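Visitor: Sequence:
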Amino acid sequence: MPLYIYAFIMSMALSYLATPKVIKLAWKIGAVDIPKDARRVHKKPTPRLGGLAIFAAFAAVGLITLPLEQSSIRGMLIGGAFLVLVGVMDDIYGLPAKVKLLLQTAAAYILVLFGLKVEWVTNPFGGMFYLGKWSIPVTLFWVVGITNTLNFIDGLDGLAAGIAAIASVTMMLVNISLGQVNATLVTALLAGAALGFLPYNFNPAKIFMGDTGAMFLGYILAAAAVDGAVKSATAIALIVPILALGLPIFDTAFAIVRRLVNGKPIMQADRGHIHHRLLDVGFSHRQAVIYMYLMSLALGLCAVLLIWVGIKQAFLTLVAFLVAFLLGGRQFIISHDKKSEEL
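Residues in the sequence shown are numbered from 37 upward in steps of one, following my numbering.
All clues stand as given, with none of them false.
Each computed SDA-like pair below joins lysine to any residue, with the alpha-carbon atoms no more than 20 Å apart:
#1 K169 / W156
#2 K169 / V148
#3 K64 / M125
#4 K57 / P240
#5 K80 / I65
#6 K60 / L121
#7 K242 / L61
#8 K64 / K242
#9 K242 / A92
#10 K60 / P235
#11 K134 / P301
#12 K242 / R322
#13 K57 / L121
#14 K64 / K80
#15 K134 / L296
#16 K64 / L53
#17 K80 / V68
#18 K60 / K80
#19 K80 / N239
#20 K169 / Y145
#21 K242 / G66
#22 K300 / L131
#23 K169 / E155
#24 K57 / K242
#25 K60 / A49
#26 K300 / L137
#27 K242 / I326
#28 K60 / I70
#29 K64 / A241
#30 K242 / P81
#31 K80 / G66
#32 K242 / D69
#33 K134 / F118
Derived from the structure by calculation, the hints contain no laboratory data. Every value quoted in this text rests on a predicted model; they were computed, and no experiment measured them.
Full structure from sequences and hints, please.
Guide: So, in structure tokens, the structure goes:
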């Protein structure tokens, strides 16, 4: 059995077994999410800290399977552990947005200290760009940005965990194709940990991953993408994670623009995310999550095709899926409106 398959299975099993323990712990220490405003979709108090189970599974199996002698791997584990501590504090006590952003940047800088940064970017039309002094800012921006995309989209039961699992599997398949052993193991571990947690997090959720889980998942995905980019130095190495995480990246970018236009703080939560809009047009909780899973799967498939068959076929596939989702969503809205009129 390939090591990455073993890592995936063990991580998934450990995450599944650890989550009930974390549920009990969260209730005991009062790490509970109580719905206080219309933005929150859940109606009853739900324990947080689910990210502890995800991290525990990833770290425990990772310490056995990952090449710890490599500095980039040590950087991921140390930075990830630091960010989990930040998430725990936020889930229990609540941290100001600016403080949390500063600590996320510190976690990203840990990767840089361990030599994990993007220094070269290949132009798909030929040639290479050396980032030079921009290497560190670009790396920090990427890691902090992706860390927050998972956090922003964590608004429905099972949404962030499912999308993180899909993105992890996508990147794992691509890393296997590119011969990136470390990144393959990291994404296999992450996919397993997210999937093991998902049965407890899917609607109706018994536990939320909280900032502890959302930030950790985003951080490791971003770090794995940088690790792959460092070793392959190709534009595709950066395009793949952008496609794999296309849905949360778009949602976050749109949220930032929306808040800037409305004169609101970038980190201020609102009810304008994609999942909120799907609920507003008539999707049920589960329908909205599954619809977004399918969108992420489509983007993931395009990322894999980019490696296997080339840019042209991947682009055509992306356009075809986009049209299908737009038409499907439109048809759902029309049928929902007709049912509402009949009632």
